[in-house]
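J.: Residue numbers (my numbering), protein chains in the order written: chain S, 3 to 202; chain G, 3 to 202; chain X, 3 to 202.
Keep in mind the hints are simulated off the structure, nothing from the lab.
Treat the hints with care, as some may be off.
Remember, identical chains collapse to one label, so a pair may be satisfied in a single copy or spanning two.
[As the list claims (entries may be wrong)] No farther apart than 20 Å at their CA atoms in a straight line, the calculated lysine to any residue pairs in the SDA-like style are these: (1) LYS27 x PRO199; (2) LYS27 x ARG200; (3) LYS27 x LEU5; (4) LYS27 x GLN64; (5) LYS27 x ARG89; (6) LYS28 x ALA140.
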Amino acid sequence: MSLLFILDLAGTFFFAISGAMVAVKKNMDLFGIIVLGTVTAIGGGTLREVLLGQFPPFAFRQDLYFSLAIIGSMFTFLFMEQLLRIRSVVLLADAVGLGTFVTIGVLRALEMNTTYTSAIILGTITATAGGMIRDVLAGEIPFVLTRDFYAVSCIIGGIFFIILHRVGVTPDLVMALTTLLVIILRVFAIRYGWTLPRPH
Amino acid sequence: MSLLFILDLAGTFFFAISGAMVAVKKNMDLFGIIVLGTVTAIGGGTLREVLLGQFPPFAFRQDLYFSLAIIGSMFTFLFMEQLLRIRSVVLLADAVGLGTFVTIGVLRALEMNTTYTSAIILGTITATAGGMIRDVLAGEIPFVLTRDFYAVSCIIGGIFFIILHRVGVTPDLVMALTTLLVIILRVFAIRYGWTLPRPH
Amino acid sequence: MSLLFILDLAGTFFFAISGAMVAVKKNMDLFGIIVLGTVTAIGGGTLREVLLGQFPPFAFRQDLYFSLAIIGSMFTFLFMEQLLRIRSVVLLADAVGLGTFVTIGVLRALEMNTTYTSAIILGTITATAGGMIRDVLAGEIPFVLTRDFYAVSCIIGGIFFIILHRVGVTPDLVMALTTLLVIILRVFAIRYGWTLPRPH
């Protein structure tokens, strides 16, 4: 659990960078950069907690998540050029956030006794909804709806979590393996250009 | 009530088709098609339940609605060409969903003792918010804000529901007549090109 | 408190005008104008109450706010030309709404024992989220993310509220001074073209 907590904080920071980078590309000002970074970092988890009826959502219960998101956004504001030069590191960091957020989302949903289907959907929402809001605020169609394998990594991770959970694997191992699987799927998807079918 | 339940399931399926068709036109991949179909089908009812404080919202309490929405979306992915050829059938199916969702929305709001105004607004939200989210995710201004009579059918239906309810018509009849009225208004609006006034 | 209530109603009316004006510019029909006016007027406060777990949100508990928002929207529909001619009056009215909404947002958040950071963020959400939803529905990048000092006035107002509150100023005075400060900051920002830094 404490590894998951550290990964959660790291994921929040990395997702804020990904959101802030979109804002910089759109020529937003410092406030816009912080809003896009923060929404990307905490939007998915916040939507999950709203749907599960948990108020106020986690980020509003202590200052840790907002602080990390704001620091990640300001860091991007200052070091955008350097971040663009280490693009593959940024993508790997984003994959770590993706895996962690899926795992936390499925875990929190199961704790509230949702159905397995709902848990997988809430895990995917946790990992992808922040980025979708980011893209909408940036005036773009959410990239997760049009390109590559991003969300499918989350769904596969969610299904994998449920299977391990059902066959009695210990919670810590379930979480570690799910996070790892999503990261690996994401990295492979980028490396080999995996995409989903489209209508002809 | 059991007729309303069947219409609700049918409406969910039809709305998913309408959402998925927008995604196909936008050249989204299979994940995007399922997201747009599902959001269109359950987005309005989910927003209504969030605003009424009912958690988790209906679609997350059993797998029926997500299953229908996903099947409707995949059906559209496979048979888009055929659906385009029976355009008027698709529009009629959409009208059935519209009437049903308005009726369910007003009913659920009144069960929670909202004001009549709020009940009419929540009925309209139930029927139109999913389509508005669909259009925003597709990068479009929600069509309901710019064209024709779509939402006004819902508002008139909501007012009609309240009046019948007030004069003591039995609940089953109120629901059947409201659903029917909205369907008829929608069909007439399409057939005769009814529009709302615009500023000059 | 009763002055704040009057300002709240005035702010609701003025924000509805600002939302409806965007809809008119986008050539939306009467329904679109009312939706954009209403969303701008009550969207921020509604999102705040959802995040704080207060259901149904204020606007759904009595008809006053919806009535004011709809009247403000229809007023704009009828008198758009005249409103465009008194542009600086409209901007001042909007500033009054901004100051009031920040103050109410911070106050309501503190009443629910959130952290100070969350209270400042919820005050800013109360004042700006409605306008952000308005811009997204109009197919635009929210102007608050790209231009000028709008949101920063809210953040400074929120910090100012917390400081006065901490040093023991009476609640009525805290609210009056915060509202006034935000209005003044907004007016100065417009007059002198204050902007935020952007990445180069």
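J.: Check each numbered hint from earlier against the structure, then list the numbers of those it violates in ascending order.
T.: Hint check: 3 and 4 fail, others pass.
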